[in-house]
Amino acid sequence: MDDQQNSDKNNTSAKDRLSALWQVVSVPVAAVLLALLIGAVILAVSGANPIEAYAALLEGSFGSMAAFGRTLSKATPLIFSGLAVAFAFKAGLFNIGAQGQLLFGALASAVAGFAITGLPPFLHTTLSLLIGATAGALFAYIPGALKAYTGAHEVITTIMLNYVAINITDYITDGPLKDTANGNIVARTPEILDSAKIPYLGEIPAGFLLAILAVVVVWWILQRTTLGYEIRTVGLSPHAAKYAGMRVPFTIILTMVISGFLAGMGGAVETLGIVGRYQPGFNVGLGFDGITIALLGKTSPFGIIPAAILIGAMKAGASTMQFEAGVAKEITDVIQALILFFVTADMIVRKLIRSKTENGTGVTLSGWGQE
Amino acid sequence: MTEKIQKEENLALEVRHVTKRFPGVIANDDVSFSLKKGEIHALLGENGAGKSTLMNVVYGLYAQDEGEFLIDNKVVEINGPSDAINYGIGMVHQHFMLVPVFTVAENMILGSEVTKGTSLDLRRAKKEILEISEAYGLKVDPDALVENLPVGVQQRVEILKALYRNANILVLDEPTAVLTPQEAEDLFDVMRELTQKGVSIIFITHKLKEILNVADRVTVMRRGKVVGHTKPSETDAQGLATMMVGRDVLLQVEKTPAKPKEVVLEVNHLKINDERDIEVVKNVSFNVRAGEILGIAGIQGNGQTELIEALTGLRDAKSGEIHLSGEIIPFEKPRYLVEHGMGHVPEDRHKHGLVLAYNLADNTVLNTYYQKPFASKMMVRNDQAVLSNAIELIKRFDVRSPGAHVAAGTLSGGNQQKVIVAREFSRPLKVLIANQPTRGLDVGSIEYIHKEIIKMRDDGVGVIVISAELDEILSLSDRIAIMFRGEIVTIIDAESATREQLGLWMAGANPEMA
Amino acid sequence: MENTNTLPTVTPQQLFFKRWTTTIMVALGIIAITIWQYMLDPQATEAVLASTVRSSTPLVLGALCGLMGERSGVINIGIEGQMLMGAFIGFLANVWTGNLLFSVFAAVFSGAIMGLLLAYMSVTLKMDQIIGGTVINILALGLTGYFYQVGLTTDGKMQSISLGFLADIPIIGPALFNNPPITYATFVLVFLIHYILFHTKWGLRSRSVGEHPRAADTLGVNVFKVRYINVIAGGAIAGLAGAFLTLEAVGSFERAMTNGRGFVALAVMIFGKFTPFGAWGAALLFGFANAIQTQLQFADIQVPHQFIGMFPYILTIIVLSGFVGRTHIPAADGVPYEKE
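Chains as they are written, first to last, in this note's numbering: chain A, 1049 to 1419; chain B, 222 to 735; chain C, 33 to 372.
Hints in this document: simulated from the structure, not taken from any laboratory. A couple of the hints might just be wrong.
[What the hints assert, rightly or not] Per label pair, the in silico range of CB-to-CB distance:
(1) Asn489/B <-> Tyr152/C: 56 to 62 angstroms
(2) Ile350/C <-> Pro1169/A: 40 to 46 angstroms
(3) Ser284/C <-> Asp304/B: 50 to 56 angstroms
(4) Ile193/C <-> Thr336/B: 30 to 36 angstroms
[To be verified] Taking lysine-lysine pairs in the DSS-like style, the calculated list, with each CA pair at most 25 angstroms apart, reads:
(5) Lys598/B <-> Lys1290/A
(6) Lys651/B <-> Lys1290/A
(7) Lys1290/A <-> Lys539/B
(8) Lys1290/A <-> Lys492/B
(9) Lys371/C <-> Lys572/B
(10) Lys554/B <-> Lys651/B
(11) Lys348/B <-> Lys360/B
[Claimed, not checked] From the structure, some residues in chain A lie toward chain C, with a derived Cβ separation under 7 angstroms:
(12) Leu1194
(13) Ile1207
(14) Tyr1211
(15) Tyr1219
(16) Val1382
(17) Gln1384
Beta carbons: idealized from backbone N, C-alpha and C, even for Gly.
All chains should be modelled from the sequences, with the hints used to inform the complete structure.
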C-alpha cells in the first residue's frame, strides 16, 4: 500500500493529498473518539463527571509545558514498543513478547548504568542504551529462532517468554543484583549513575528525539532497502519469498531480533530517562501498549508517533485526573481497550463514518493451526 | 408453464433464470437449465464461466439474487446446504470437503449423525456405511483416517457421503481433475451405474472428450451465461470448443519440429524425501537439451511436485546431482538458479508466483530485486528503475492492467500468469520450468502462454513442462517423460505417443511389456 | 475404482501411546515419588497433594475454557480477562447479596458475556483473534480496576465438603474428596467436556468446525452458531475459574488478582494437547511443582520461587517446538470463516 502511495505521490494536487491523508487517519481518529465517548458513558454511569474528568486528563497531559514534557517522556518508551510490534507485523509476526524484551532491556541498561563506572556522560548513556537494546534483541532471538526452525507460533512462545522474563528479572532484582543501600528491602537494582542518565532539553526528554530518529530509520529500512522488501515479502507470502530466493528463516529471525532491539531500547529509555533504576512492576504493560499503538498507527512507522503521544498523554494525565476529578486512573485502560477494539474492528467504524478506505491495520497474520 | 413441462418430461431439477452477482462481477446471468431424471447432464465451460458458482447456488452455499429452482416440478427454497440435502441434492466439490483428521465414518455422518441417547452411535453408522458401499460397489474402510487415503478413495468417500444422505441428484465438480485416464473411466462406469439406480447427475467439466464419452446432454456456459444446449450425438469436440469459447479455436498448438542442441539440464540419480521422510522420488535421471520441450506426465502425487521443487531450489534432495549447463547446482538455493539462467513458472501462482498484495512493479522484480539497476550495492532500492522495467514488461507481454501500480491480486488469473511469464521469460534463460502453466486460465491466455513457451524453445532454451492435462503435455512436448510412484517409467518421443498408452504408463503399466 | 490401496495406517491404540508416552512416564514417576514420600512423611505429602489440587483448579478451568474455543477454531488468549471479570463480578455479587451460590452464577454469567464479546469479535467481525483476546484482557483489567473500591468485604467463602469414607482413603483421599464445591465441579467438567467433545454429535460438529469449517458448512452445520456457543460456554467456564478465586480460594478481590493464571491455563491447554484429560494432567503437574516448592521452603531448601514460576512456560515452549512429541493444533484455529 505504501508503495502505491509513493508511486502516485509525484503528480497529486494538495487537495488529493489531503483526502488521501483523511483516508488514512479517518478510522483511527474515529476509533479514538468512539472510545472516549464510551469511556464518558462509563464515567457518567459510575457517578463521575466525564467533562470534568477529561478536562483534568487534558490539563495533566497538555495543560502546561511541564505536563507536555511528561506526556512526551511517557510517550518515548511507547514509541519504541509500538515500533517493535509494528516492525514485526511487517514480517507477519505478532510480537506479543515486546513486554518481555522490554523488561530485559530495562534491566540490562540499569545494570550497565550502575555497574560501569568512569565513563563520560554521553558515552555512558549511549553504551547503556545499546546494552539494553541488545538484551532485548537477544531475548527476541529465542522466539524468532523457534518460529524459523521449529514452526512454534511466536504468539504462544512470546506470551510464555513474557512470564519467563518477569520471573528472571524478579529473581535478579530480588537476588544477585538487589539494591543494598540503606537497608533497602524492596526488590530493585541500585540507582544508575548520573553519567548514564538521559538528559532533558528543557522539558523535552532527549529520549524522545531518539525515538523520532528510530521512527525515521525504521521507515527507511522498510520502504527503501532490499531488507525491507524482503521483510515485507516474507510477511505477505513466505512461500513467494522462498521462491524469490530470500532466506525466510533468516529474515524471520532478523525481524524478531530488530523488533526485540527496539523493545529493549524502549525499556532502556524508560530506565535511563525516567525511573533511574530497574524496579519490577514499573514498566508493566508497556509492551502490551505497543500492540494498541502499532495498530492505532496502522503499523506505519510515522503513524506510531501520534498514537504513542495519545496513549502517553492518557498515562501522563491520569494522576491529575485522579487527583482533581476523583476518577480512578484505570479508566484509561478501559479507553485503551476500546481504542484497540474499534481500530481493529474497523468495519464498524467505517460503517459509522461511511468511509470506503481500504483495510486499515494492514495486519496479515494466520491462525495457529496453519503451519 | 409448469404444467406444460410436467406433461412433457420428468425433471429432477430445473433451474430458472438464476442470477448471482459478486461485487463487480455477474457470476451467473439469467441461467436456466433442466436435469432429467436418470441422466448425466454435463455443464461445460471455461474456467470462470460460472459453473461452480451455479452449483454452489443450487447447493445453497450461495444465495441467488434472482431466479428459482424446481425439484420434482415444485418450486423450492434452498437457503442452505441442509435444505439442499433434504431435497436430495448431493455435491462432490472440486476440493474435497473432508476433515483430514477424522475417520471415514466420522466424515460420513457429520451433519446427519446417528445417535444412541446423547452419544454418537459409530457402530451403527459403520454398519450403514458398509451397506451402502456394498450396494453401490464403492469399497471403503470406515475406520481409516481420511488423511491416509489416496485421492481416488477420498473421492469415493465423497460420493458415498452424498449417497448416505439419500441423494438422488448428484453434482460432480471437475471430478476427473485428480484422476488418471483409467481411473476416470472407472468413475464414468460408476456414474452410469448410479443413473441406472435412478440418480441424476450434473457433471461439471471443461474437458470435451469426457463429455462426448459420458454425458447424455450438455449445457454450455460462457461468462456467466448459458450459450446453448446440445447432445454429444449432435456435435463433436470442435463444435463444443467453439461453443465454449465463442470462436473457432485451434485444438492443436502450432509448432515446427524441435532442433535440440547441447544438454543444458542433466539430472543424475536424484532421490528426494518428502515431509514425512518417505522417499517420493526414487533414483530419477534424465536430461533436457537446448531448444526442446520435455513434458513430464503423471498423476498428481507421483513425485512430480517434489521433483520440480528440487529442480527449482525449493526443496532439498537426499542424493543425486543436478547439472545446469555443466555445473552442479546446490540444492535449495533458488537464488543460485535465478542467477544461472533458470526460469520457473510455479505450479501455484498465488502461493509462490506472486505477492498478491504487492503492485505489479514489485512483483516483476520478485527474484531480481537486489540486482542492478533495481538496487544499489548498499541495499537501497531504486523505485524508478523498478517502475520503468515493469511498464516495459507490461507492454511487451500484453498484461491487461490499469498500470504498474495496481495490486497483482486485482488482476484476472490470465493476466496474473502473464505477469509471472513476463518476469521469468524476460531474463536471459538457459532452462525454463513451467509447472501447470495454464491451469485455471481462459482459452485466450492458454494460447498466448503456449505460444510464448514455444518461442522460448525456438530461442534455444531447454524447457520442462509439467501439466495435469495430458492434452497440454501431448501438444507442447517434443519428448515426454512418464512418472509413476517416484520413478520415470520411460521417456518417449512425443510424435509416437498416444493418449491411451500414456494413460496406461501413468497408471503403472510396464513399458517393456508393451 | 477397484484398487482400495490405503497407506499403512496406525491403530488408535498405537496412536494413543505414541501421543501420550511422555505424559504417562511423567505421571508414573510422580506417583512413585509421592508414594515414597508418603512413607517418609504422610502429613506433608497429603498437604502437598491438597495444595496441588487447589492450585490446579483455576488452571484446569481456564484450559477447558481455552480448548472449547480452540477446538472449534477460535483462539482464546483472553482467558485471563474472562477469569478476572468472573472473579470480580462474583465478588461484587457476594458483597451485595451475601449469597454464595448466586454469586457463583453471577461470575459464570459475566464470564459468558466476555465469551460472547470474544465470539462477536472473532466470528462476526472476523477480527484478528489475538487482538480480540488482548482487547478482552485489557478491558477486564481496566473495568475491574476502575469499579473496584478498596475496603469492600464479604462474609465468608465456600467451605470444603467431605465425601465421607472416600476422604479417608490414604494419600489421595483428603486431596480429592474433601474439597469445596467448585473444585468438585471442576472434576465433573473435565469428564463432561471430554464426553461432549469426543462422544456426542455436538462434539463431532465442534471439532469439524475447528478443522475444516467449509466441509462442515456443506453438510449443513452452522459454523457461526457452533463457534459462538463454544466460545460463550468457554467464557462461562473461565468465569467459574474466577469464582473459584474470589469465592472459594481467597474470599476477597484485589486488582489484577488472576496474576497470569489465564496465561498459565493457555500453557496448560497446549501442554495437554488440547484435550480435557491432558489439560487436567498438565495442571496437576504444574500445581504439584508449586506445592513441592512450598514444601521445600519449609524444609529450608531454597529454590527461588521464580524458577518454579517459570516451569510451566518453559515446558510449554519445549512442547510447542516439537522437542517432545508433536501436538496437533486444530487446522482452522484462528481463521475466521468466510461464507462466500
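Here is how each hint holds up against the structure:
no. : hint                                       : verdict
1   : Asn489/B <-> Tyr152/C: 56 to 62 angstroms  : holds (60 angstroms)
2   : Ile350/C <-> Pro1169/A: 40 to 46 angstroms : holds (44 angstroms)
3   : Ser284/C <-> Asp304/B: 50 to 56 angstroms  : holds (54 angstroms)
4   : Ile193/C <-> Thr336/B: 30 to 36 angstroms  : holds (35 angstroms)
5   : Lys598/B <-> Lys1290/A                     : holds (22 angstroms)
6   : Lys651/B <-> Lys1290/A                     : holds (21 angstroms)
7   : Lys1290/A <-> Lys539/B                     : holds (19 angstroms)
8   : Lys1290/A <-> Lys492/B                     : holds (22 angstroms)
9   : Lys371/C <-> Lys572/B                      : holds (22 angstroms)
10  : Lys554/B <-> Lys651/B                      : holds (17 angstroms)
11  : Lys348/B <-> Lys360/B                      : holds (13 angstroms)
12  : Leu1194                                    : holds (5 angstroms)
13  : Ile1207                                    : holds (6 angstroms)
14  : Tyr1211                                    : holds (5 angstroms)
15  : Tyr1219                                    : holds (4 angstroms)
16  : Val1382                                    : holds (4 angstroms)
17  : Gln1384                                    : holds (6 angstroms)
When the structure is compared with the earlier hints, no violation turns up for any of them.
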